[in-house]
Amino acid sequence: MVKEIERAGIHVVHICTVVPISLTVGANRIVPAIAIPYPLGNPSLDMEGEKEIRRRILNKSLEALGTEITGQTVFE
Amino acid sequence: MSKFRVVHYINQFFANVGGEEMADYKPELREGIVGPGIAFNAGFKDEAEIVATVICGDSYFNENLETAKKEVLDMISSCKPDMVICGPAFNAGRYGVACGTVAAAVIEKLNIPALTGMFIENPGADMFKTKVHIVSTKNSAAGMRDAVKIMVPLALKLAKGEEIKSSKQEGYLPNGIRVNFFEEKRGAERAVDMLVAKLEGKPFTTEFPMPDFDRVEPAKALKDINNAKIALVTSGGIVPKGNPDHIESSSASKYGKYSIANVTDLVEGEYETAHGGYDPVYSNKDPDRVLPVDVLREFEKEGKIGKLHDYFYSTVGNGTAVKNAKKYASEIAKELLADGVNAVILTST
Numbered sequence: 011m012v013k014e015i016e017r018a019g020i021h022v023v024h025i026c027t028v029v030p031i032s033l034t035v036g037a038n039r040i041v042p043a044i045a046i047p048y049p050l051g052n053p054s055l056d057m058e059g060e061k062e063i064r065r066r067i068l069n070k071s072l073e074a075l076g077t078e079i080t081g082q083t084v085f086e
Numbered sequence: 126m127s128k129f130r131v132v133h134y135i136n137q138f139f140a141n142v143g144g145e146e147m148a149d150y151k152p153e154l155r156e157g158i159v160g161p162g163i164a165f166n167a168g169f170k171d172e173a174e175i176v177a178t179v180i181c182g183d184s185y186f187n188e189n190l191e192t193a194k195k196e197v198l199d200m201i202s203s204c205k206p207d208m209v210i211c212g213p214a215f216n217a218g219r220y221g222v223a224c225g226t227v228a229a230a231v232i233e234k235l236n237i238p239a240l241t242g243m244f245i246e247n248p249g250a251d252m253f254k255t256k257v258h259i260v261s262t263k264n265s266a267a268g269m270r271d272a273v274k275i276m277v278p279l280a281l282k283l284a285k286g287e288e289i290k291s292s293k294q295e296g297y298l299p300n301g302i303r304v305n306f307f308e309e310k311r312g313a314e315r316a317v318d319m320l321v322a323k324l325e326g327k328p329f330t331t332e333f334p335m336p337d338f339d340r341v342e343p344a345k346a347l348k349d350i351n352n353a354k355i356a357l358v359t360s361g362g363i364v365p366k367g368n369p370d371h372i373e374s375s376s377a378s379k380y381g382k383y384s385i386a387n388v389t390d391l392v393e394g395e396y397e398t399a400h401g402g403y404d405p406v407y408s409n410k411d412p413d414r415v416l417p418v419d420v421l422r423e424f425e426k427e428g429k430i431g432k433l434h435d436y437f438y439s440t441v442g443n444g445t446a447v448k449n450a451k452k453y454a455s456e457i458a459k460e461l462l463a464d465g466v467n468a469v470i471l472t473s474t
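Each protein sequence line maps, in turn, to chains B and F. Sequential numbering from 11 applies to the first sequence in this note's numbering. Sequential numbering from 126 applies to the second sequence in this note's numbering.
Just so you know, nobody snuck in bad clues.
What the simulated footprint calls covered on chain B by chain F, stretch by stretch (three residues with Cβ under 8 Å from a Cβ of chain F suffice, anywhere in the stretch; the number is not a length):
1. 25 to 35
2. 46 to 52
3. 58 to 66
4. 72 to 86
The list that follows gives simulated cross-link-like pairs (lysine to any residue, SDA-like), each with its CA atoms no further than 20 Å apart:
5. F:Lys410 to B:Asn52
6. F:Lys426 to B:Ile63
7. F:Lys348 to B:Ala18
8. F:Lys194 to B:Ala45
9. B:Lys70 to F:Lys348
10. B:Lys13 to F:Leu462
11. F:Lys448 to B:Val35
12. F:Lys448 to F:Ser376
13. F:Lys293 to F:Asn264
14. B:Lys70 to F:Asn352
15. B:Lys70 to F:Ala346
16. F:Lys345 to B:Leu33
17. F:Lys448 to B:Glu14
18. F:Lys410 to F:Glu397
19. B:Lys70 to F:Lys426
20. B:Lys61 to F:Glu423
Sample of chain F residues lacking proximity to chain B, with all beta carbon distances greater than 10 Å (derived):
21. Gly160
22. Lys170
23. Lys234
24. Gly286
25. Ser291
26. Gly301
27. Met319
28. Val321
29. Val388
30. Glu395
Hints in this document: simulated from the structure, not taken from any laboratory. Glycine is no exception: its CB is placed at the ideal position from the N, C-alpha and C atoms.
Turn these sequences into a full structure, and let the hints guide you.
Structure below.
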């Protein structure tokens, strides 16, 4: 899906837990997530702690969108 | 002659440990045969025997790739096997990645032959088909019998160190290695046969399939993110409560488009996930964990992004055919372009 969206000319970043899968399907801008059932959260933290995780991952995603790349790049 | 010692790697589901709620199950070594190992062992007859089974939860393996790989490898190595069989994983993505990882590591690190099986669209197939023999299976466990029939003789050949014939003859996914053999008919004759078949509209098989280089050039950096309109798309199956479009929990035949025009936070009871194949408890409790509307609204207010698009798009990635996923995404992209969306954040579970 990431690839088709990029092919259509829209900037796209993929947030996912299993990065090797994202690399295989051909996403170019990849931001690793936390866990499969909660990519952007962590139920062992409180509400604010979880939001902090989301902010960090989403800030990273915006950074990825704004970065010039020449090939597949994982933004750790 | 003594029997070959085989270790079998399977996930929590096939070991009957549990479903998604047990996907965090840590590696366990059990003596003897578990689950699908029965069929393999029967197929091996007097030539080989499954001496132990290593079981690991699919989420645990994929989320702790390096640790899990080492733990599983240590368990396998402690059994001193002659051969390792992983799966088959059919179309289960995380299981396929686990099977491929384990089989590849067994070959590379332990220097022991290994074999796995999966459906051609399993992401593990593309990742490992050049490193491991992967038998081509159906997309569901209904294909177990057929898979075992092909895997047993191939496993025995690998264990004996016999010559492995071409992918077509042995039933594994093409791994890029060419095998020389003598054709009965000469090239010109085969070419004419193929042409005649083609003209008559009959099936024919090319002798040189073109490699599938389906890559997309990365887009330029997005400038002016502060003014960009950003849309959320997910394969994690987040939908309004009740799943109004009845998106299937696996092999989704559709996607949904839902307004979040006045929504600042996805809360329990109003949104949920339609996705099967991962434990839905966490995303139902707080759907922002999959589709982060709450923080993107904050970003919007802070001026970090221009605007969060009024609609999000959602489908279920679980076992969904690549062809369908492509179709959904290109339809979604067309709409997003028409709506003036500059960038997409796509989340996957």
